[in-house]
Each structure stands twice: as structure tokens, then as C-alpha cells.
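Enquirer: These are the residues of each chain, in order.
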Amino acid sequence: MKRLPEWISVPLLAFALSRLLIFGAGVLGDTMLPTEEGHWIADESSPFLSMWAKWDSQYYVDIASNGYWFRPGQQSNVAFFPLYPMTMQVLAKFFNGNLILTGFIVSNLAFLGALIFLYLLTELELGSDSAKRAVYYLAFFPTSFFFSSVYTESMFVFLSIATMYFARKHQWMWAAVFGILTAATRNLGILMWALCVWEWMRSQGWVFFTMHKKETWLNLWNGFKQHWFDLVIISLIPLGMLVFIYFLKVNFDRPLAFIEVQAAWGRENVGPIAVLQKSIFGLLEGEVNKGWLTRFWNVSFYLFFLTLVPFIWSKLGEGYAVFVLIMLFVPSASAIGSIIRYLLTQFPAFMMMAWWGRDDRVDRAFNFTFATLLGVFVVVFVNWIFVA
Amino acid sequence: MKIPGLPSNRVLLSAAGLVIVAGGIFVALQVLVAPDQPVTVYTLPYTQTFDEVNLKRWFSQSGVWTIRTGTLMQTVGGEEAGQMHIPLKVPEDVPYHASVFITLKKDTRQIGLSFNAQYPELIAKQHRVYIDRLNPDTLELVAGYMDETGAFVTQARVPLTVNTTEFRLDVYVYSNSYLVQVNGQRLIENRPLFYHNGMIGFYALGSSVFDNYKLTAADNPNPGDMVYTSDFEKEPGGAGWVPISGSWQIASQQMVQSDAIFPDAAIGYESSTFENYTLRATFNHIDGQGAGVLFNMPSPYSLNGAHLVRYSDETDSVIWGYYDSKGVFTRQGFVDASPSGKEAHTLQVFSGTDSYDVFLDENMIARDIPLESIQGAVGLVTSRSSAAFSHVEVFPLFGSTSDPVAALTEITSTSTPQPKVTTTPQIQATQTKSTETEPTKVVESTPVKIDAVSGGDSPYHGVFEGKLSDAGWKIINGDWRFANGNFEQTKVDGFDFAAVYTKTAFQNFSIQTGFSHVEGSGGGVLLNMPATDRLAGASMVRYSDKRDNAIVWGYFDVNGVYKNQGYADVPNAGADRHTLRIVSAEKSYSIYLDDRLIVQAVPYESGYASGYFGLVTSRAHVIYDEVVVDGIGAVFKGTYESMDGFTDQRIVSGKWTIENNKAIQTVTDVSDYVWNTGVQASEYTVSAKITLPNTTDSGGGFIIHMSERGSKDNSYIVRLKDGGKGIWWGSINAEGQFKGQGSSPIEGTEKTFTLKLVVKLDALSIYVDDVEIAKNVVISSQEGWIGLLAYGGPATFEDVLLEVEK
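Chains as they are written, first to last, in this note's numbering: chain A, 1 to 388; chain B, 1001 to 1806.
Hints listed in this document are in silico derivations from the structure and should not be mistaken for laboratory results. Quick reminder that beta carbons are idealized off the backbone N, C-alpha and C, glycines included. Wrong hints could be hidden among the right ones.
[Claimed, not checked] Just so you have them, the derived chain B footprint on chain A, three or more residues with Cβ under 8 Å:
{"id": "1", "region": "77-86"}
{"id": "2", "region": "147-158"}
[What the hints assert, rightly or not] Selected chain A positions facing chain B (in silico; Cβ < 7 Å):
{"id": "3", "residue": "G67"}
{"id": "4", "residue": "A92"}
{"id": "5", "residue": "W174"}
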């Protein structure tokens, strides 16, 4: 029997093993531990499915069921981008209208796609060994259960990695297609446009460290004269977000409603440094309890990923590094409470960890830490205790 | 074919494809997830028990709102009130009834409902009714609306005497007015609406709880049709009551059950059945404890199927429940209550579409109890006790049922069944029908052709001397005569005695009568009578002949049968002189009692918008000393000495507060700010003590002969200027431009002046501090609205006096 190629078999195995751990821990946690009353039950007929629909999932289900609505000054579902809930709505027809089941399936399939493209991209950048490790690190990351939940994480990671992969292959049309879809999935998806432009510039010989040389810019100009239309193609990526903005303008006369309503969640933009400072002081002064532990993990992983940035810059390139930096700083400009979930989208960081994992000790440390924390966080998550 | 200068077609196609993808995403957005209307229309009846509701979709303005244990809670204190509006609007132009149960928490300062809130400016344009906790022991019910300056204008403020933290708040909203009940008691009524249609919301300052919000259509477009009120104080009283068991009799103006041994001794009212109503009974125990009411009785002659609420005859509690078809009682609940003693108590039951609420002495003691039967007769009951019932009333709740609220049953002597027990009933049950249904004797005669004139063109001023016929008056029935310059009706043993003025029929007019009751109550007027020899087709407004603290209005149909359109509670008439004024316009009429607006826009259900007018008394001896008919806009002679007297006032511009009999305009920017008194006249004297702010450009005075109530265009102004250093006067044209006509300096550095204007049609004289400034200034118009005018602020107007001649 012909073996599956590695770029399928490795992600498939990582997907299967990680989901086994997650689903098993989830069922155990849901069965053995009491859950506080009064929470939303996503699917009365399926406690299993209900485990994977929490907090923000309600908004996606609401959008898919009832469409968008906007209440100035109030938490409104216009804060959430449309591609994921629209996909749920369209595909729910095949699942008897069950949005939770549809969301669960879409998330898991998208996650499998994400693992495949992560393998392919990492193999391109760092070789197949690192590609394997990257896939496992992502699949077993402590919050990777969000990839199976009714959340946008898996769709966003899948589309963003695919965008980057096609950009690295200089298949600009495909990069643009996936880029548009990424931009329609989350607000930071528009960053894929910047990544693609950076990759286009690199493809014309532009190098960051030779920016000071005239030749660098001459090469770029020549490349532009010959391949400007590729840039035009890439520049269509923001259409994914612009379409949503136009939709908001047409229906609510508030094109930036998704930004306006952030304040209703109590998010005040004070800047990532201030937030980090406050969080660290909070750890030093606070009492150890549920909130303290949540803050501890978020701060710890935040700092760890921050330390990866110069290494990413050095090994993978400034584009990837800036991408990680922006993906860290933007969400943490108001709060750090969900950062450990947002880290899932920072695929260059996983590629970098995979490179470090060439050392067996580092590899074992990552695998052990991630898998252990994953089990714990799943149990916590399914019992409606806030993880991220 | 490759286009020169452009990349390959493949690339162009790729770009086009991407644009199409984006376009496809937009189309998908519009098709799949486009928003619903932010606000849709209620489907009535609507009930919200706060069990499953997505508050995120509601319109929240401040406060922290949450659903807990089936209630809506606002959970934070602070200085800013929270409001939460349901994203539904009431059907257009449909009268409705909103009710909600509210609970005050320790830090609740205000709690209530907003209604007719105008989307999207829900807060800025709304009516609001709320309970205001001024201090831990003092509660008031407040009703009002938000004006265009963003200030809350209080239309009514009523103290609440109940000592409780749970209330049922009911708001009935009609075409032009609304009324408010708290715990079943009507406390505010006939307040005009400034906003129509719109949304309903919950309002709270401080933590508060809301529960069981209901919205139903109000079948009856006019408020408070009285369906039944007892006549125990009359001779003979107790009409329509048939004993079922026990010893019932009328004694000392009360319905008394005297057998203190009999369990559940009952009496039923056979003349009507009721649905969607409030039953209220006032009683005191004479011996023992166990009195109460029966309602929704399938038969007024039997307890079977009836609902019951009464004091327990065994413990200190109140019980409620129902009898099944076999007469077996099932208790639905009870609540501990203090021993009733011998003092009077009031028991009230709201019987709705599928449940009922119980109030004892204005405190809610039970709510949402399921009804086994939803309509029927009412009755009284005592169990192993003797009690005296002084008053029983039934009046409607409003629901969406198409069944009549109350149906008078045909009474024939053969249909009265024997009571179940052999105790001989001692009451004489005469079948006296209520006034509202007693047919007036129809006199067959040829109707007189109506040739109506406008009241303004042919005013009438009654002179009650000489012969009635010479003066144009014709008696239909009763004992009418001119005496001492008055017009008097002396017969008291009959209903609706009428006299009609036959010389002129009127249309578009105002009629004002001044009168006093000598005996009984029931004086009033008839208007738009198509004939001069009968009541058929006439509209009528008079005091109720059952109690002197209500005005009723309605019409006589073609058969002369009276049809009530509405009533309103008013201060007791007593023997005092009162003025009753009706303004009869093209499609409706309005009623003023003692210069106070009672109701607006009552439609002519008689079908006649013009006709003769007359005077009417019902079971009363009345003396009329004034009858005047004039145009619609006429203001009759009168003096306004208090700011409260300007009941029809309106803020046109600026921010005005009325307190301690002063009007204060507080916007400091220099501009004209107008407060309309709501009075229009042509000959009058108006004066006020005006205090200006300590600035060099402020001013204050009067605006007169306003052609429109809500605009200063086409008017005339007289005001102090330059901080009181002078006074000027002139007209404002249709474009709002001022054209000065004269001015005068004022000596001194004072900031307080008494300004007086004497206006006679188009001649104006001006006095400042009793010094004549200008005499007989000719002004362009002859009549109009009168208002206060401030230029800048804060400007204070006190001792405002308006004496109207015409």
C-alpha cells in the first residue's frame, strides 16, 4: 500500500493524537467535575458538542442564526468578522441545521488544513524535521483545544499559513485568494497583505540588511517595473476586510463599528507595555487564585513568545518577526487576558520553536510542558472557567 | 488577445477573479448575515418573564443589566440612571396597556418604565413613569417626558402612601393621553402625550428588579369606563345583588352579612358578567374574620366554579382559590396577614387573561395565580364571620380579547333561580338598571334642520331673566326656572333633566358654564344636539350622579340611550362653584373643569359635530350662573395667579424650570427663549416681577399675540434689554426677524423690575414698576398666545399675574 506523503501523514497523526487527548480530557473533565449553573448550553442534546462552544462561540452562533446587529456603546456582534460564521451558516444545511456541530466540524477540518500547510511552509523554510516538530508543537500547544472549538482560531491559522505558503512559492494569485479570506476572518488578517508585500519584495532581491545600498532599491525598482501586477494582485488582500467595512457602512452607517464596540468589553487601549507592566505587578502583588493563575500563564507565554522575536528575525526573516510582534502587541494593547489563545495564530513562533527542538532536551521539554498544560487547560475550559 | 502594455490576460483574469471573490463575499454577507430591522413591532399580547432573553440585542443605556432567577436586574448604583429598551415598538396608533412588577432594593432611588421612546433617540425623546424614593420613608410617583432641551419635564408628582417595596406599575397609553396605576390604584390620569408610538423600556437609578412585563392592546380607546360601582348608600340600595347563602341586608349604607356562624355565606351580583377587570371591595368585620370576594363566577347564584379571595376564618391569613364544578374548594395559596380587627380593609383582585393578582390594602400579596375561569359574575363572601361591605367597584383591565369587557345580562323575573339555602333573603333586589343604560323617553317629533354657525361669529352670553322661552330656552324635562339672575333646576328624583337653547346651533365653538350643586351631583352640559326636543344624538358632559368626584362624558344614541365614552376622577364638587368648559372642534371635543384640562380629543361618536347646546342635571339640584358660548380659541374671563394655573403651558425654547411659583430660564447664551402660558386672549393684563442676571446684555419680558403656540414667529414682544438699562418693543415677522417699534431707557441699576402690559386687541400699554412707559401702542394683530420671554439667563419670573377679559 502506498504510504501517504509526509506532508499529509504527519499532520494527520498529530491531529488525531492531539484531538484524542483533548476530547478525552474534555469528557473526563466535564463528567468528573461539577460545572457552575447558569451558563449557556450550546447544544442541549449533546454535552460533548456543548463542551466546545463557550464564551465567544455564542456570538458566532448568533451571527450565523440571526445576522449582524449593532448597539452603539454595547457589546454587539459586529465585533466579530464574518467568514467563520458565514461558513457555519452555509454548511449547516448539511448537518440538519445544527450550527454547533457545523462549527465543530469546520474548526477541526480547518485545523487539519492548518497543520498541513504549517508542515509545508516549515519544510520550505527549515526542512522536514523541523516541519514535523512544528506541527506537533502547534497541535499540542496548551490552548490548541480552541482549534476544535467554535472559534475562528483554526480557520484563521489555516488561511494565514496557506497565504504565506503560496506567497513563499510566489504563487501570488493563490496567496491573494487565501489572503482575502484571512482578512475576512479576523481583523488582524489584513497583516497578511504586509507579509505578502514583504515576500514580494524579497522575491525581487530586496534584503533588509542591505537597505542602505542603492543597488537594493534599484533591483526593487526593476522588479517592480516587470512584476508590478503581482503587487496589484497582492494588494487586493485587504479587500477581505474592506468588504466587511463596506457591509457595516451599508447596514449600520458605521464602517468601523467593529472597532467602536471594543470599548463595550471594557477594553481601553493603553498600550502593550503598560498592560504588561500592570500584569506583572499584579502577579507580584496578587494572591494566588484562579485569576492569578490565568494571568501567570498569559504573562509567561507572552514573555516567552516575545523573546522568540529576535531569533525569528535572525532565522526566518524580518517579515515573520514583525508579524509576530504585531500579533503580540495589538491584542495586548488593552488586555493580556486572552493572549495565550492569540499565540496560536503566530505560526512563525512555532516554526522557530521547531528549529530549537533540534535539541532533544528542548524538544522533550516543549512536548511535555505543552501536553501537560493542554490536558489541564481542557479540563478547566470545559467547566466554564476562563482560560483565554 | 493580449492587450498591449498590460500583463497577460491570465494575470488580468486573476485580478478580476479576486475582485469577484471579494464581491461574492459582500453578496454572501448581505444574503446570509445582513441585519434584521433593529426595531420590529410587538405582537400583542406580549409577555416577558425574563427566563430566556438575549439582553445583548436590547438597547442598553448605562447601568449593568442582567437576568437572574427569572427577573431583570439593574445591579449598580451611581449617579446615572440605567435604561434598557426592548427592541420592539408598539403598533402604530394602537392604545396599549403596559404592566410590570417592580421591586425596590435598598439602594433603589428611582425605578419605572419609559414609554413611547422614539428610536433612535430613545433617551432624549421619551415619556417616563417612575417611583422616586426621596428618602427611606418617602415615595412619590412621577410622570413626565423629556423635552427638546434634554430636561425631564414633570407632568405629575403624586405621593405614595404605601409602605412596601414591591409594586405593580400599570401604564395605559391612549391616542393623546395616558394614565398610571400603582398597585391597582389610579394615581395619575389624563396626562397629555408629547410623543406617540415608540418603544418601551426599563428605567432604574440604583439597583432594581423588574419582573413579568406585559403589553396588551387596550380595547377601549378611552380610559376608565366604570363598569360597576355599588349603590349600598342609596335608598333602596343593593340593586342586582342576590343572596346565595347567609343573611344579607342593606344596613347603615352598607351590604351586611350578619350570620357569623355560616361558612362561606355568599351573595352574587347578577346584573353583569366581567372579563379582564379589577374588582375592589372595601369592608370591615363586625364579628370574627373571614370576609372577601368572589369573582369569575359562572353563575351569580352559585359558588360552583367561582374564584375566591378572603380572610381565613381559621388563621390570621388571606387565602385564595376556587370552587370546582361540584362546589369543592381548592386553595391555591395563602399569605399570613395581621388580624383584620374591626377597621376597614380593601381587597382588590386584578383578573386578567389567564391569571390574577391580589392586593390587600394596596399591598400586593399575590400575583400571577392561574385562573380556572376567566370571566363571570362577581360576589361577596364571609365565612364564619359577620362583615359589612361599604363599597364594591369593578372596572376594566384592558386586553386583546374581542369579547366585551362587561356584558349586561338581560334580567327577567322568571330567570332568577332560588338560592341554594333556605335562608330567606332579606334584601329587596330591585332590578334598577344603571343610569348609563336607562333609556330616555323618546318624544316623537320632526327633527329641526340644523343650520349651525361658528361660535366665534355668533357668541352667546346667557342672561337669565324674564321668560325662558323669550330667552330662547326650552325645557325637555325637569323643573327649570330663572331665579335671581341664575338658571336653576330643582328636581332631584330623575336622570338627565335637560333644557336646550333653541335660537342658535353652533359648530366649532367653546361653551363655558359656571354652576354649583345644591343637592346631589350631576350638573353639566349637552352639546351638538341635532334636535331641540330630545336628547337623542346629543353629546353630554356632566358630573357623575353617583359620586361628586367624577366627570363622565358620552352621547345619546338614536334611541336616546346613553353611551358612556369615559370618565375621570376629579376633586369633590361639594357645594362649590365650578366652571365646566367644552371646546368643540371639527372632529372632537375637549373638556376643562375649573380651567384644568380633563381630557382632549373625545371623538363625536354620536355622529354630530354641530348642533344645539343645553344644560343637564341628573339626580341633582343645580344652579347655573354663567353660560357663555364663543369661538374655539376663546379664553373666557379669568385670572391666572399661580404658575400651576397654566395647565396648558409649553416650553418653546430655552430651559425653563417652574418651582415655588416662579419660572426660571437658565440657558445663559444670549438669545430669545420663550415659555408659552397656554393661554390665548385678546384683552387682558399681564404682569410679572422679572429678575435679570448680572450681565450687560440680558433681558426679559413678554411675548404676546403669538400666532402659533410653538413658535415666536408672527408675534409681538416687549422686553427689558441691556441688563435692565432699557426696554423695547416691536414685532417679529414670519421669518423670525424683529422689527422694533419703540424703546425707552430705564434709570437705575436695579436688576428686578415689575413689567405690566395692558392689551386690548391691537392696543398695548406698557408699565415698568407702575410707571407708564408707552400707551396705546398699535400692534399688528389682535389676539394670540401669551408667553414669557427671556433673553439670556438665568432670568426669573415671579408673581406672574394674567387677568383675561376676553
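Enquirer: Against this structure, judge whether each hint is valid.
Expert: For each hint, the structure was consulted:
1. Counting residues of the region 77-86 of chain A whose beta carbon lies closer than 8 Å to any beta carbon of chain B gives 5, which reaches the threshold of three, so the coverage claim holds.
2. Closer than 8 Å: that is the beta-carbon criterion, and the region 147-158 of chain A has 0 residues meeting it against chain B, so the requirement of 3 is violated.
3. Of the supplied interface hints, the one on A:G67 holds, with its beta-carbon coming within about 5 Å of a beta-carbon of chain B, less than 7 Å.
4. Given hint, A:A92 at the interface with chain B, is violated; its Cβ is 11 Å from that chain's nearest Cβ, farther than 7 Å.
5. For A:W174, the interface hint is violated, the least distance from its beta-carbon to any beta-carbon of chain B being 9 Å, above 7 Å.
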